[in-house]
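Turn these sequences into a full structure, and let the hints guide you.
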Amino acid sequence: MFKRLADSSPAIAISVDGKTVTARAGDTVAAALLAAGIDHCRTTPVTGAPRAPYCLMGVCFDCLVTVDGVGSRQGCLIPVREGMKVETQLGRREAGR
Amino acid sequence: MTAAADLAPSYELVVIGGGPAGLAAAALAARAGVSTVLFDENPGVGGQIYRAITSTPVRSRAILGEDYWDGAALADEAKASGALIVNGATVWSLDRQRLVGVSLGGKARLIEAGRVIIATGSQERPFPIPGWTLPGVMTAGAAQTALKAQGLVVGGRTVLAGSGPLLWLLAAQTLRAGGRIDAILDTTPRRNWLQAMLHLPDFALSPYFAKGLALLREVRAKVPVHRAATIEAVGTDRVREVVFSGAGGTRRLPVDLLLLHQGVVPNVNLANAAGVAHVWNDRQLCFVPVLDAEFGSSVPGIAVAGDGAGIAGGTAAAERGRIAAIAAVRALKPQAAVPDTQAIRQRLQREEMGRAFLDCLNRPADSFRLPEGDTIACRCEEVTAKQVRETAQMGCEGPNQMKAFLRCGMGPCQGRLCGLTVTELIAAERKTTPDEVGYYRLRPPVKPITLAELASLPISEAERKAVER
Amino acid sequence: MARAADVVVIGGGIHGCSTALHLALRGLKPILIEKDYAGRHASGVNAGGVRQLARDLHEIPLSISSMDLWERIEELVGDDCGFDAHGTVLVAENEAELAGFRERVEDLRLRGFEHEELIDASELRRLVPAVSERCPGGVVSRRDGAADPFRTTQAFRRRAVEKGAEVIEGVTVTGLSRSGANWRVETTDGDFEAPKIVNAAGAWADRIAAMLGEPVPLAVVAPMLMVTSRLAAFIKPVVILRGRKLSFKQLENGTVVIGGGHLSTPYRDSNETVLDWEKLAISARTVWELFPAMHQATIVRAWAGIEAYMPDGIPVVGRSSTSEGVFHQFGFSTHGFQLGPGTGAVMAELVATGSTNTPIDGLGIERFAAK
Ligand SMILES: Cc1cc2nc3c(=O)[nH]c(=O)nc-3n(C[C@H](O)[C@@H](O)[C@H](O)COP(=O)(O)OP(=O)(O)OC[C@H]3O[C@@H](n4cnc5c(N)ncnc54)[C@H](O)[C@@H]3O)c2cc1C
Ligand SMILES: Cc1cc2nc3c(=O)[nH]c(=O)nc-3n(C[C@H](O)[C@H](O)[C@H](O)COP(=O)(O)OP(=O)(O)OC[C@H]3O[C@@H](n4cnc5c(N)ncnc54)[C@H](O)[C@@H]3O)c2cc1C
Ligand code: FES
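Chains as they are written, first to last, in our numbering: chain Y, 1322 to 1418; chain V, 28 to 496; chain U, 22 to 392.
Hints are computed from structural coordinates only; laboratory data are not their basis.
A few of these clues could be false.
Stated by the list, open to error - In silico lysine-lysine, DSS-like type, Cα no more than 25 Å apart, as pairs:
| # | chain 1 | residue 1 | chain 2 | residue 2 |
| --- | --- | --- | --- | --- |
| 1 | Y | 1406 | V | 134 |
| 2 | V | 360 | V | 106 |
| 3 | V | 134 | U | 266 |
| 4 | V | 134 | U | 300 |
| 5 | Y | 1324 | V | 106 |
| 6 | Y | 1340 | Y | 1324 |
| 7 | Y | 1406 | Y | 1340 |
| 8 | V | 360 | V | 413 |
So this is what it looks like as structure tokens:
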């Protein structure tokens, strides 16, 4: 869906559901997922429908992911960091996870 | 980088939002000697129009256009002014006592403010069509943000749909960046032109006139434009096709990405939750805060500047920020020297001149604001238009009662993507006006906070005593 | 011309709506007047706890008669009101607390009340597996539960109208005076006349009482609640604490409502409240300690409701001490939702017949008369 204009920014390795994804400095988590061609980042708690980032500006909350163990974070507002662990979110969050 | 613990317990002025309005306001106030902090939830300043102005990987200036690069001066000015600028800081609460709840780096703080300027800007208007929740459907603003902030340009089969200047701006920027756009579906109702023409003389004098025409020409030369009266995103796991109907009947286009946009509306959540009174603006089809000439709101000491005060564009946002800041400085430090308001007001007036034309021309069609059937109105709780309409018919008179029946507006986005739709649907079903129906009564936190963040609030003296006792 | 009714009920909370319904069920013609809309205040925004547990002795009869109605709520109002009965558990955080609870349960038994039951650590763990290991036991009231407050209040309102009550919303009662055998009720939308009046005006009820020359020491308070995003189901009963202020309930939809009585600042003239985040943070820390399972939860909303609190923490239910034909039903002191169904029935009985079989001694307004 998206391609990078230039790959000049330094590469940053993050893991998404255990797989390594190469992001770039300046990426947010949501941008990194889009750039990597990851199609959806969560399923909804109500019907389990797949969702992907929609607004990239912090208003829609469809980019919710688990970042370094903390659930329901807005991926479009969080910059990637080397070694960051991102997990896509399925349905309702498990309490205690 | 500023951490939560580094923040002072109070500032004379707290500015919320680091777009043109917030940057200009913070710079002016700090320069006048007012202790000023600016919070913005993004990793860098710039807001929507100047998104990532200090860090964008887009090198060729032509791609984003000169209007974008104007933002650099504002960002520099704010940085040099002495205001404390804190990014990655989400303001989740503001009340009439001007206590500001903010989170950064996973920690929360409560900060007292002498005055507050809310400069949280705008968001794109909800665009509830069938299939708009599917992966692969995004807003045009999202694509623009990805371009500005990360240098990501749309690559696959892409269709843009909707109306408004930003749609065309994004199309032009994408094309300049070598991105692909297969078609534009123009949803502007033709009869809008009639209304708009009344305001053409003013618009012809505004800076947006020449820019707008040039943009349209640039895009139309490269991309087929179809008129569309209905649009549907089709697919199960993701969008595969966009189906639209226009003069030539129904057509289908295979897509990887469908980008929607039908204008921007004030982001009212924080002001609403702080108790600021709002009214319906029928020309812009949205709620706007009730403000005085200095952008002061119904809550003493809280001003709303920028597009959050009603849509007027980025340059106007900065001027509004300055006017609000001057009022704040006058209240806090009556002796301090401030720039001449008259000159600022003149520039603001020039900027606002063409608004009526743009608002009338780009007024989104009813059918794209008032969905029907199984089209989702509330994305978070997956509430359909039909459910909202039926509940209104059953007697439910307002969005706050609707929440209790359907949970619309109760999910994490707190009504940002359904509020206007629900209000307008109730008004339509009950044959009344959106003003009568009103908007959600929003509750803090205006952005969800983790239990951990809340638990991290510094323990107050009183509580410590209670525990020790 | 004043509009006539058998009874004017002032206030469209759970209490006013319930009383209006029960009056209509008795064949009377009530008019209910509500200044905002039914359920706009405490009755629509409370935690929904339907609890007999840990009630003041004076309230227990009303609470028990309410419980009987809750258990057939659908029959009564035509809506299940989201009521589920998974019990309320009062958790003892230490042995000293547990000892206190034991005394209370024994005392209740001697008085013939059996709804509270002492439980040990293993039963506590069975009922509330998510609770911290350290807690030695508690008390359970197994018939208790929770319901959806706004839906409940609306259901009472709807059924009252179906049974012949008139409900007038957006109209404020501004004055009361005698007019022959009747009371004249002045409002922002004309006058009403009725021989009987029920004051169910919640946190504003002192103003109605003042119109009758019957001042009451009502404190306006605004308890706060907060709710999380949806979590996978992990707890069924409502959990409350004694030492630290906490009530905790996971709803069907997965969200968790956290309350417990920390107060915010009410502005009853503008229907506003200003939250106290430092106090909500105390609740957050308590939840953090007690429910390790909640460490990843996010808070999506916090709010407060405006409520009447009496100096002795129990409501005013009964006749006016100054004014013939006037009845009071207010001051529920942050726990009146559960009491709504039964108190409405008792009040209707009192209004219609002049007496009631349910003991309401000790709840009269005369207890506040200047000594
Ligand atoms: C997606 C999008 C793209 C746009 N692109 C353009 C463009 O390219 N050209 C153009 O002329 N106009 C554009 N606009 C219109 C925009 O409204 C501009 O007119 C301008 O950015 C408005 O400036 P502002 O200062 O009022 O607010 P904004 O620039 O919107 O800035 C508001 C800032 O506040 C921050 N914020 C919001 N809520 C909080 C909170 N609770 N806590 C902390 N920070 C918060 C936001 O993250 C944002 O950075 C765009 C609008 C949108 C929605
Ligand atoms: C946050 C919170 C949580 C709570 N949790 C629980 C719980 O879990 N379990 C429980 O049992 N209880 C709970 N309570 C308490 C419970 O909600 C109240 O005790 C109960 O709802 C009171 O009902 P009411 O009808 O007396 O008052 P209200 O619901 O306040 O109704 C009174 C109505 O009178 C109207 N009125 C006032 N003056 C006038 C006038 N002059 N003219 C016309 N109308 C007027 C008001 O607008 C109002 O709607 C809680 C309360 C709060 C605030
Ligand atoms: S993509 Fe909309 S909030 Fe992140």
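Q | Pair hint outcome, residue 360 of chain V versus residue 413 of chain V [Cα-Cα no greater than 25 Å] | A | The given pair, whose Cα atoms are some 54 Å apart, is violated under the 25 Å limit.
Q.
Run the distance test for residue 1340 of chain Y versus residue 1324 of chain Y: straight-line Cα separation, threshold 25 Å.
A. 20 Å, holds
Q) Hey, residue 1406 of chain Y versus residue 1340 of chain Y, does the alpha-carbon distance stay inside 25 Å? A) 9 Å, holds
Q | Agreement of residue 360 of chain V and residue 106 of chain V with the hint, judged by alpha carbon distance not exceeding 25 Å | A | Given pair residue 360 of chain V, residue 106 of chain V holds - Cα atoms ~21 Å apart, limit 25 Å.
Q) Keeping to a limit of 25 Å between CA atoms, is the pair of residue 134 of chain V and residue 300 of chain U held or broken? A) 16 Å, holds
Q | Straight-line alpha-carbon gap residue 134 of chain V to residue 266 of chain U, limit 25 Å | A | 23 Å, holds
Q) Does residue 106 of chain V lie within 25 Å of residue 1324 of chain Y when you go C-alpha to C-alpha? A) Violated: residue 1324 of chain Y and residue 106 of chain V sit about 32 Å apart, past 25 Å.
Q) Within 25 Å, alpha carbon to alpha carbon, are residue 1406 of chain Y and residue 134 of chain V? A) Status holds; Cα separation ~20 Å.
Hint check: violations occur at hints 5 and 8; the rest are consistent with the structure.
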